[in-house]
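Protein chains: 2
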Amino acid sequence: MQWISDSSILIIGLGLIGGSYAKALKALGFHVSAVDTDPDTIAYALENGIIDRGSTTPDPALLGTADAVIFGLYPGVFKQWIAENQHLLKSGAMLTDVTGVKACIVDEIQTMLRPDVEFIAAHPMAGRELSGVENSDPAIFRGANYIVTPTERNTPAAIDWCKSLGRILGFANISTLSPTEHDEMIGFLSQLTHCIAVSLMTCTDLRHLAAYTGDSFRDLTRIARINDRMWSELFLCNKEPLLRQMDLFLAEFTALRGLLAAEDIPALREKMRLSTERRAHFDK
Amino acid sequence: MQWISDSSILIIGLGLIGGSYAKALKALGFHVSAVDTDPDTIAYALENGIIDRGSTTPDPALLGTADAVIFGLYPGVFKQWIAENQHLLKSGAMLTDVTGVKACIVDEIQTMLRPDVEFIAAHPMAGRELSGVENSDPAIFRGANYIVTPTERNTPAAIDWCKSLGRILGFANISTLSPTEHDEMIGFLSQLTHCIAVSLMTCTDLRHLAAYTGDSFRDLTRIARINDRMWSELFLCNKEPLLRQMDLFLAEFTALRGLLAAEDIPALREKMRLSTERRAHFDK
Numbered sequence: 018m019q020w021i022s023d024s025s026i027l028i029i030g031l032g033l034i035g036g037s038y039a040k041a042l043k044a045l046g047f048h049v050s051a052v053d054t055d056p057d058t059i060a061y062a063l064e065n066g067i068i069d070r071g072s073t074t075p076d077p078a079l080l081g082t083a084d085a086v087i088f089g090l091y092p093g094v095f096k097q098w099i100a101e102n103q104h105l106l107k108s109g110a111m112l113t114d115v116t117g118v119k120a121c122i123v124d125e126i127q128t129m130l131r132p133d134v135e136f137i138a139a140h141p142m143a144g145r146e147l148s149g150v151e152n153s154d155p156a157i158f159r160g161a162n163y164i165v166t167p168t169e170r171n172t173p174a175a176i177d178w179c180k181s182l183g184r185i186l187g188f189a190n191i192s193t194l195s196p197t198e199h200d201e202m203i204g205f206l207s208q209l210t211h212c213i214a215v216s217l218m219t220c221t222d223l224r225h226l227a228a229y230t231g232d233s234f235r236d237l238t239r240i241a242r243i244n245d246r247m248w249s250e251l252f253l254c255n256k257e258p259l260l261r262q263m264d265l266f267l268a269e270f271t272a273l274r275g276l277l278a279a280e281d282i283p284a285l286r287e288k289m290r291l292s293t294e295r296r297a298h299f300d301k
Numbered sequence: 018m019q020w021i022s023d024s025s026i027l028i029i030g031l032g033l034i035g036g037s038y039a040k041a042l043k044a045l046g047f048h049v050s051a052v053d054t055d056p057d058t059i060a061y062a063l064e065n066g067i068i069d070r071g072s073t074t075p076d077p078a079l080l081g082t083a084d085a086v087i088f089g090l091y092p093g094v095f096k097q098w099i100a101e102n103q104h105l106l107k108s109g110a111m112l113t114d115v116t117g118v119k120a121c122i123v124d125e126i127q128t129m130l131r132p133d134v135e136f137i138a139a140h141p142m143a144g145r146e147l148s149g150v151e152n153s154d155p156a157i158f159r160g161a162n163y164i165v166t167p168t169e170r171n172t173p174a175a176i177d178w179c180k181s182l183g184r185i186l187g188f189a190n191i192s193t194l195s196p197t198e199h200d201e202m203i204g205f206l207s208q209l210t211h212c213i214a215v216s217l218m219t220c221t222d223l224r225h226l227a228a229y230t231g232d233s234f235r236d237l238t239r240i241a242r243i244n245d246r247m248w249s250e251l252f253l254c255n256k257e258p259l260l261r262q263m264d265l266f267l268a269e270f271t272a273l274r275g276l277l278a279a280e281d282i283p284a285l286r287e288k289m290r291l292s293t294e295r296r297a298h299f300d301k
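Keeping their order, the protein sequence lines are chains L and U.
One rule links them: number in our numbering = place in the first sequence (from 1) + 17.
One rule links them: number in our numbering = place in the second sequence (from 1) + 17.
Derived from the structure by calculation, the hints contain no laboratory data.
Keep in mind that a hint or two might mislead.
A pair holds if it fits inside one copy or across any two, identical chains being indistinguishable in the list.
Pairs of lysine to any residue residues, derived as SDA-like cross-links and limited to a Cα-Cα distance of at most 25 Å, are as follows [stated by the list, open to error]:
hint	residue 1	residue 2
1	Lys-43	Thr-271
2	Lys-96	Ile-282
3	Lys-256	Leu-276
4	Lys-256	Glu-269
5	Lys-180	Asp-245
6	Lys-256	Thr-271
7	Lys-180	Asp-264
8	Lys-256	Ala-268
9	Lys-256	Ser-233
10	Lys-256	Leu-267
11	Lys-96	Phe-299
12	Lys-256	Ala-279
13	Lys-43	Asp-281
14	Lys-180	Thr-221
15	Lys-256	Arg-224
16	Lys-256	Pro-155
17	Lys-256	Gly-109
18	Lys-96	Pro-283
19	Lys-256	Leu-105
20	Lys-256	Thr-82
21	Lys-96	Asp-124
22	Lys-256	Asp-232
23	Lys-96	Thr-293
24	Lys-43	Gln-97
25	Lys-107	Asp-264
When you get a sec, could you build the whole thing from the sequences and use the hints?
Put into structure tokens, the structure is as follows:
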């Protein structure tokens with residue numbers, strides 16, 4: 018399908034990201050509908066003009082007319098939804114998602130999917146500490162990365178379509194990675210950093226230190242406020258890559274501890290110089 | 018001494034913090050002079066009106082007339098400076114410092130100090146990634162913590178004087194801790210977090226990932242750009258408390274890894290909920 022303005026787009030799971038997609042696509046003139054099991058979510062979205070139509074069940078009238086379907090579900094629920102409801106989708110529909118892990122879902126879904134619809138996976142790397150459609154805002158896409166993770170099962174047309182979606186949503190950088198490359202990257206840059214922030218908050222009861230914290234500590238632990246249901250599922254789905262990244266970090270941190278214990282100043286300074294040099298590549 | 022506007026203040030070591038003190042105190046009308054071994058630093062400070070007088074050596078004319086002396090030196094150099102030059106100080110002078118570790122210097126300096134001058138230690142918890150007098154700016158004190166670390170050797174008058182200094186410099190919160198309490202707190206909130214950021218940057222060569230980094234990773238590693246000479250010395254000076262904090266974190270991170278490996282979702286979620294609850298106390 019092309020991105021023509023009379024396309025009908027259906028969002029399954031209207032949370033922070035799904036809601037932000039809905040707002041952005043409505044503003045571009047598309048017909049946007051949504052399915053979410055929470056009646057309050059659908060009522061809020063209809064009342065606030067975020068969607069044109071909505072349902073708390075997989076309404077055949079919505080599923081059967083959508084040219085594109087965007088999935089904003091947790092990995093387990095996503096796979097279950099496809100298994101149970103894919104027969105209701107319109108022939109020729111294009112499916113994509115916003116899931117933060119890829120290898121554990123893409124192959125399984127592409128294998129079970131009807132041959133007359135196509136699933137092209139994507140990860141919009143945007144978010145905030147708050148969740149829910151009430152906090153959705155397409156502004157979170159500005160300056161952010163959007164990663165398409167095609168497999169050999171995907172058609173060039175679907176890959177182009179999915180990249181176009183990222184562009185019209187307003188993402189700054191559109192790139193492609195294999196599902197495995199994506200998961201290694203996310204394991205390091207996102208999941209490992211969340212594990213570190215959580216461990217820092219749970220390793221000691223530091224409420225009495227709150228008065229002394231500076232910006233460094235606040236920056237380091239901002240992501241320690243975490244949706245436990247979502248993140249525990251994402252961690253499990255990416256278990257092996259994340260364990261590898263955790264082990265890399267553990268070995269390095271333990272080595273740094275050893276240098277301090279041995280008072281090996283030259284080696285400590287060398288680590289710090291390497292850190293400083295590498296960090297310079299990450300400045301915006 | 019009181020904070021009267023004709024007091025003469027001498028800053029030893031005119032770096033980022035010393036320079037920011039100089040600018041703030043000059044603006045308040047004090048006579049400010051400085052000693053720094055770097056001729057460019059002194060020339061820059063004189064040319065830009067940051068100080069009234071300056072020297073690259075412990076000039077007896079400056080040392081002998083200062084009512085207050087503020088030390089912005091690394092711990093080892095600081096102790097050596099006192100041993101070599103304290104005989105040149107004016108009788109009755111009040112000494113303070115800006116050093117980021119306390120137990121390793123306060124006792125030693127108070128023990129060797131002439132009985133007619135007093136050293137009251139303080140830690141202005143302010144800084145930025147850039148160093149040097151050229152980057153000094155008293156605005157870094159706004160909203161920041163200033164901690165006085167008195168011992169039983171200090172007089173109530175000196176403690177009050179030192180707190181007043183924090184107030185007139187513009188710090189938001191003035192508090193007192195013992196040197197040992199201070200070092201435990203700094204070991205956790207500042208030094209441990211720097212060790213984590215450095216380890217995260219050095220554990221893998223991640224330059225190819227720069228395109229995918231979001232704000233979380235940038236926030237977490239901002240402090241990975243680190244002055245290796247200063248921080249390695251501060252780590253060594255606070256070795257035992259820092260090793261204790263590193264071990265606490267290591268044990269907790271290893272436990273989190275174990276929960277993931279065992280796929281213990283309820284325990285993983287419990288850690289995340291505790292983290293989220295605790296982090297809420299740290300919001301500004």
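Against the structure, the hints:
1. Lys-43 - Thr-271: neither (51 Å within a copy, 46 Å between copies)
2. Lys-96 - Ile-282: Intra 52 Å, inter 19 Å, cutoff 25 Å: inter-copy only.
3. Lys-256 - Leu-276: between (30 Å within a copy, 11 Å between copies)
4. Lys-256 - Glu-269: Both ways: Lys-256 and Glu-269 sit 20 Å apart in one copy and 18 Å across, limit 25 Å.
5. Lys-180 - Asp-245: Neither: 30 Å inside a copy, 43 Å across copies.
6. Lys-256 - Thr-271: both (22 Å within a copy, 15 Å between copies)
7. Lys-180 - Asp-264: neither (34 Å within a copy, 45 Å between copies)
8. Lys-256 - Ala-268: both (18 Å within a copy, 20 Å between copies)
9. Lys-256 - Ser-233: Between copies only: 20 Å across, 29 Å inside.
10. Lys-256 - Leu-267: For Lys-256 and Leu-267, both the intra-copy (16 Å) and inter-copy (20 Å) Cα distances are at most 25 Å.
11. Lys-96 - Phe-299: Answer is neither; intra-copy 36 Å and inter-copy 38 Å both fail.
12. Lys-256 - Ala-279: For Lys-256 and Ala-279, only the inter-copy Cα distance (10 Å) is at most 25 Å; the intra-copy one is 34 Å.
13. Lys-43 - Asp-281: So Lys-43 and Asp-281 fail the 25 Å test inside a copy (60 Å) and across (41 Å) alike.
14. Lys-180 - Thr-221: neither (44 Å within a copy, 30 Å between copies)
15. Lys-256 - Arg-224: between (31 Å within a copy, 23 Å between copies)
16. Lys-256 - Pro-155: Close neither inside one copy (30 Å) nor across copies (47 Å); limit 25 Å.
17. Lys-256 - Gly-109: neither (34 Å within a copy, 65 Å between copies)
18. Lys-96 - Pro-283: Intra 52 Å, inter 22 Å, cutoff 25 Å: inter-copy only.
19. Lys-256 - Leu-105: neither (33 Å within a copy, 64 Å between copies)
20. Lys-256 - Thr-82: neither (37 Å within a copy, 66 Å between copies)
21. Lys-96 - Asp-124: within (11 Å within a copy, 64 Å between copies)
22. Lys-256 - Asp-232: between (31 Å within a copy, 23 Å between copies)
23. Lys-96 - Thr-293: Neither, since 43 Å and 28 Å both go past 25 Å.
24. Lys-43 - Gln-97: neither (28 Å within a copy, 69 Å between copies)
25. Lys-107 - Asp-264: Neither: 45 Å inside a copy, 57 Å across copies.
Of the numbered hints stated above, those contradicted by the structure are hints 1, 5, 7, 11, 13, 14, 16, 17, 19, 20, 23, 24 and 25, listed in ascending order.
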